[in-house]
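Number of protein chains: 2
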Amino acid sequence: MCATSPRSSIPEALAVSPVTVDLVLANGWVVTCDPRHTTIRNGALAIDNGTIAAVGTVEEIGRNYSGRHVVELSDHLLLPGLINAHTHAAMTCFRGLADDLPLQEWLHQVIFPAEGMHVNPELVTHGTLLAAAEMLTNGVTTVCDSYFFEQYAAQAFLESGMRAVLAQGILDLPTPDQPDPTRMRDHAREFLDRFPSSEGRLRPSLFCHAPYTCSPDTMQWVKDLCRQHGMIFQTHLSETAAEVRELQQRYGERPALFLRRLGILDQATLCAHGVWLDAEEIQCLAEHCVALVHTPESNMKLASGIAPLPTILAAGIRVGLGTDGCASNNDLDLFAEMGMAARCHKAFSGDPVVVSAREVLHMATLNGARALGWDSEIGSLEVGKQADIVAIDLRKPHLTPLYDPISHLVYAASGSDVTHVWVAGQEVVIGGELMTVDVRAVMAEVRQLAAVIGAGQTR
Amino acid sequence: MCATSPRSSIPEALAVSPVTVDLVLANGWVVTCDPRHTTIRNGALAIDNGTIAAVGTVEEIGRNYSGRHVVELSDHLLLPGLINAHTHAAMTCFRGLADDLPLQEWLHQVIFPAEGMHVNPELVTHGTLLAAAEMLTNGVTTVCDSYFFEQYAAQAFLESGMRAVLAQGILDLPTPDQPDPTRMRDHAREFLDRFPSSEGRLRPSLFCHAPYTCSPDTMQWVKDLCRQHGMIFQTHLSETAAEVRELQQRYGERPALFLRRLGILDQATLCAHGVWLDAEEIQCLAEHCVALVHTPESNMKLASGIAPLPTILAAGIRVGLGTDGCASNNDLDLFAEMGMAARCHKAFSGDPVVVSAREVLHMATLNGARALGWDSEIGSLEVGKQADIVAIDLRKPHLTPLYDPISHLVYAASGSDVTHVWVAGQEVVIGGELMTVDVRAVMAEVRQLAAVIGAGQTR
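Chain order of the listed sequences is W and E. Counting from 1, position 118 in the first sequence corresponds to residue 118 in the working numbering; the numbering is continuous, with no gaps. Counting from 1, position 350 in the second sequence corresponds to residue 1350 in the working numbering; the numbering is continuous, with no gaps.
Because the hints were derived from the structure by calculation, they are not lab data. Quick caveat, the model's predicted, so the values are computed rather than measured. We put the CB at the ideal spot given by N, CA and C, even for glycine. Just to be clear, a hint being listed does not mean it is correct.
So these bits of chain W aren't anywhere near chain E, every CB distance computed over 10 Å [as the list claims (entries may be wrong)]:
id: 1; residue: Leu103
id: 2; residue: Pro121
id: 3; residue: Gln151
id: 4; residue: Asp172
id: 5; residue: Asp177
id: 6; residue: Arg245
id: 7; residue: Arg260
id: 8; residue: Lys301
id: 9; residue: Ala336
id: 10; residue: Asp351
id: 11; residue: Tyr403
Which stretches of chain W does chain E cover? Using the computed rule of at least three CB atoms under 8 Å from a CB of chain E, they are [to be verified]:
id: 12; segment: 202-209
id: 13; segment: 284-292
Going by beta-carbon spacing under 7 Å, a handful of chain W positions derived as facing chain E [what the hints assert, rightly or not]:
id: 14; residue: Leu130
id: 15; residue: Met300
id: 16; residue: Ile312
id: 17; residue: Ala314
id: 18; residue: Ser414
All chains should be modelled from the sequences, with the hints used to inform the complete structure.
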């Protein structure tokens, strides 16, 4: 089950005199999420200048590194910061506004009117800060977010200390931040021009809402702009059976094949959902190296369906895991999402072996990073990567006993077990408390916004 | 969405001079789980002699009752203690021992050998105490438990302060506590003879493992004994498609119809799982007033399938919610189980309206109590019922904002949000800490047992 870290991760030359580093995390059970699923009992990490200098047993690290700051983490698991590869953060403001309704009623009588009436820079700022607080305290260090007024989301994530891909939402319809669809291209360019400097912690992106809300021309234009800027292009793909039928009627093709014809499919294209992909589409996405984000809780709650994940994984597609927005989840806990991903496909397929805990944990870490094109820097605890690290306290009844740390992370842990979080070596959560954002103040702001939003509801 | 409490819950005669009661819980948002789903914002409860004396707004309770002890709970939800209607508590010792294996391999190469080798009074005592600690701190106040050496489970639950139905497991096969199946009837009688006195907090029961592991004769004998003692009779029913086929081959009938022919179906029969019930069987169970326990997380993880819950609920069957044992869940968090129940049927049926948050919350409270035949005393916050009450702290990012408390309980909360728990008016959890059991000592005991169990595994 466990393996010691490869010796090669500690340069031999250092074995004589210890090297001083910024930080040593000592004595945790390290779940590296490297490609070989290496775990190290009584492990340690040496961190310097925001990156991982070494991973090994506590003896190996102790022999070779001396930390200016040392955090003792016995009785803790250490894992890479989780990656929420698809959400709409500011929708925390609509969390639980409506549930258990027919999809069209939920969308057209609740969510769209609420967004049209209430989404503005203030809501995006406070809603995104609330989302960042929820995610960081639950062990998510990187998010791939898309919404309106996304420049305000960027500022909020910058302030929170999270790492983020930030995508401005694009539709050929009036949106809360651009009532005139003919100005959408200027709007997209302005988002990129004003994107904040963040020493690499934030990356811009553009998100065409869906093939049924964006014209072929718009999608191709946006993809071209993404190519010019070296950004990932995103879209929702095959979330519901109804949209697949609609697209087939309009263009005579299923969605993935339609996107291929537009020349949009490549390794820098990331599609969310993929619930109704058929075998030919999965093959097409695999051949074009497109990445997917699996969002089971949202797809289930909205009765959209269950993505054919075992087939998607077997095709070798890079798959990340996402919570989707809070209107349809209703939280941003990626541990809960992992538990759902590991369970629902077993029930759907009747096969208890599909979508193992190891595969799911990789979706939330290394493969999420690969889906975002960011795996050279994040997604696993390996030498040279950014020190985005999460610690979980094992001294809880529901995590006792422990036979297999990966089983616990997927089938028993929850975000509330997170005690420490580091992003690029900076401690942003200590003892479960967020250091970067005044969480009480943010909750108070969102409650005030919600009082207005709730008053507009007739339920 | 919210309604004030019926005035009739506060006797008019008391309106003149306040009555002194043991305890007043003030200023919480009270989710009563009464049959009308009443919730009371700025609510309060008056508790005396272990029972609920009054429920109402904080003004109504303040006018009529004076508490010797008052707990201020603004920013909290108050709800009835949750009811875990099906588990095998001591299996906490096997939590995460093996996952993601084919069912027969998991059962016959891991779980059954581990049980045969390690289940003894010591394991049942410590494993059950660990389960009680996990459940109480997660807001479960009543459990319906079945396992071997169940008299030791009874002592553990008694010590923990939980309320419990305790069922000795019966098989026509050698078991860890009775290697000689011909002595099983004496064994069952001895369990009942030695059942501890508990002032009504513990109730005995018998659990025939399944129609495919107990002979018709055994099942009828056990049901007769249950009738003599006024106890509920329990069995696993239609958990897997394979067992349904096996039973049909052996007896020529599907399981529910077979049990009807044995004369076992009545309102004091409680069946767990019901995954593969067909329409005729559901009708049969409804006509005989049989109760069911839904266990979606376990059924999904083992790839057993998804019970036809919308049809079962439409037939008017009393349905409780259960976690099943930790070998197949892998935790005992009934909040997670509620979230799964509310989501999985929407995905399976393609209908986002089925199995609403309100229905699911009732499964975990009032309908769970009805399934156990205990609803005259527990399951809702109503006058005259036992004061089994849970408080949840709303001052968390993932519970902000709040439009509908029932939505949050099912779709966003987790067991870790529980701050206070009372059983029969006794405070057993304060600030998330269990008062009745030395949780650190219990975890240490279980870790020692697990070191031996894990050493016996070849994985």
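Item to check | Contradicted hints - numbers only | outcome: 1, 8, 9, 10, 11, 12, 13, 16, 17
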